[in-house]
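Participant: Sequence:
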Amino acid sequence: MGLHLHTEQRNDQALIAVYGEITARSARQLEAAVEHFRTRGCSVVNVEIRSDGLDRSLNKWNSPSVRPSEP
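To convert, note that position 50 of the sequence shown is 186 in this note's numbering; the numbers rise steadily by one, no gaps.
Don't take each hint at face value.
To be verified - Label-pair distances were calculated between CB atoms; the ranges are:
| hint | residue 1 | residue 2 | range |
| --- | --- | --- | --- |
| 1 | T175 | H142 | 15 to 21 angstroms |
| 2 | G177 | E157 | 19 to 25 angstroms |
| 3 | D148 | E184 | 16 to 22 angstroms |
| 4 | E184 | R161 | 17 to 23 angstroms |
These are calculated hints, taken from the structure and not from any lab test. Don't be surprised by glycine CBs; every beta carbon is placed ideally from N, CA and C.
Start from the sequences and build out the full structure, keeping to the hints where you can.
Facilitator: So this is what it looks like as C-alpha coordinates:
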(Lines of atoms letter the chains of each structure in order from A; the text may use other names.)
(Lines give C-alpha, C1' and ligand atoms only; values in the text may rest on other atoms or scores of the structure.)
Protein backbone atom coordinates (compact mmCIF):
# COMPACT_ATOMS: atom_id res chain seq x y z
CA MET A 137 0.00 0.00 0.00
CA GLY A 138 2.81 2.40 0.77
CA LEU A 139 2.60 5.67 2.61
CA HIS A 140 0.27 8.55 1.85
CA LEU A 141 0.77 12.00 3.37
CA HIS A 142 -1.76 14.79 3.56
CA THR A 143 -0.20 18.09 4.60
CA GLU A 144 -1.58 21.45 5.63
CA GLN A 145 0.08 24.63 6.88
CA ARG A 146 -1.49 27.55 8.72
CA ASN A 147 0.83 30.35 9.74
CA ASP A 148 3.56 28.78 11.90
CA GLN A 149 1.80 25.43 12.42
CA ALA A 150 1.62 22.41 10.15
CA LEU A 151 -0.33 19.17 10.11
CA ILE A 152 0.90 15.98 8.49
CA ALA A 153 -1.67 13.16 8.34
CA VAL A 154 -0.04 9.82 7.58
CA TYR A 155 -1.92 6.86 6.12
CA GLY A 156 -0.45 3.47 5.28
CA GLU A 157 2.34 1.18 6.34
CA ILE A 158 5.29 2.71 8.18
CA THR A 159 8.52 1.28 6.78
CA ALA A 160 12.08 2.55 6.96
CA ARG A 161 11.66 4.27 3.58
CA SER A 162 8.32 5.85 4.47
CA ALA A 163 9.72 7.00 7.83
CA ARG A 164 12.41 8.88 5.89
CA GLN A 165 9.68 10.44 3.71
CA LEU A 166 7.84 11.57 6.83
CA GLU A 167 11.05 12.96 8.31
CA ALA A 168 11.64 14.92 5.08
CA ALA A 169 8.12 16.34 5.27
CA VAL A 170 8.71 17.48 8.87
CA GLU A 171 12.00 19.12 7.87
CA HIS A 172 10.26 20.82 4.94
CA PHE A 173 7.81 22.53 7.30
CA ARG A 174 10.56 23.46 9.76
CA THR A 175 12.44 25.23 6.97
CA ARG A 176 9.23 27.10 6.09
CA GLY A 177 9.11 28.56 9.61
CA CYS A 178 6.70 26.20 11.34
CA SER A 179 7.33 26.12 15.08
CA VAL A 180 4.78 23.32 15.62
CA VAL A 181 4.37 20.28 13.38
CA ASN A 182 1.50 17.99 14.38
CA VAL A 183 1.75 14.45 13.04
CA GLU A 184 -1.35 12.25 12.90
CA ILE A 185 -0.45 8.63 12.20
CA ARG A 186 -3.09 6.13 11.09
CA SER A 187 -1.26 2.87 10.66
CA ASP A 188 -0.85 -0.64 12.02
CA GLY A 189 2.70 0.41 12.93
CA LEU A 190 1.55 3.20 15.27
CA ASP A 191 3.25 1.84 18.39
CA ARG A 192 6.58 1.37 16.61
CA SER A 193 6.58 4.72 14.88
CA LEU A 194 5.09 7.21 17.31
CA ASN A 195 8.07 7.50 19.65
CA LYS A 196 10.42 8.68 16.89
CA TRP A 197 8.30 11.77 16.25
CA ASN A 198 7.45 12.61 19.86
CA SER A 199 9.56 15.70 20.46
CA PRO A 200 8.71 19.27 21.54
CA SER A 201 8.56 20.57 17.97
CA VAL A 202 6.87 17.48 16.51
CA ARG A 203 3.79 16.38 18.41
CA PRO A 204 1.44 13.56 17.46
CA SER A 205 -2.19 14.66 17.16
CA GLU A 206 -4.71 13.22 19.56
CA PRO A 207 -7.09 10.66 17.96
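Participant: Does the Cβ-Cβ separation between E184 and R161 fall within 17 to 23 angstroms?
Facilitator: holds, 20 angstroms
Participant: For the hint 19 to 25 angstroms, verify it against the beta carbon of G177 and that of E157.
Facilitator: For G177 and E157 the Cβ distance comes to about 31 angstroms; the hint is violated.
Participant: Does the Cβ distance between T175 and H142 fall inside 15 to 21 angstroms?
Facilitator: Holds, since T175 and H142 (Cβ atoms, about 19 angstroms apart) stay within the stated range.
Participant: Range hint 16 to 22 angstroms: satisfied by the CB atoms of D148 and E184?
Facilitator: holds, 18 angstroms
In the structure shown, a violation is registered for the earlier hint numbered 2 alone.
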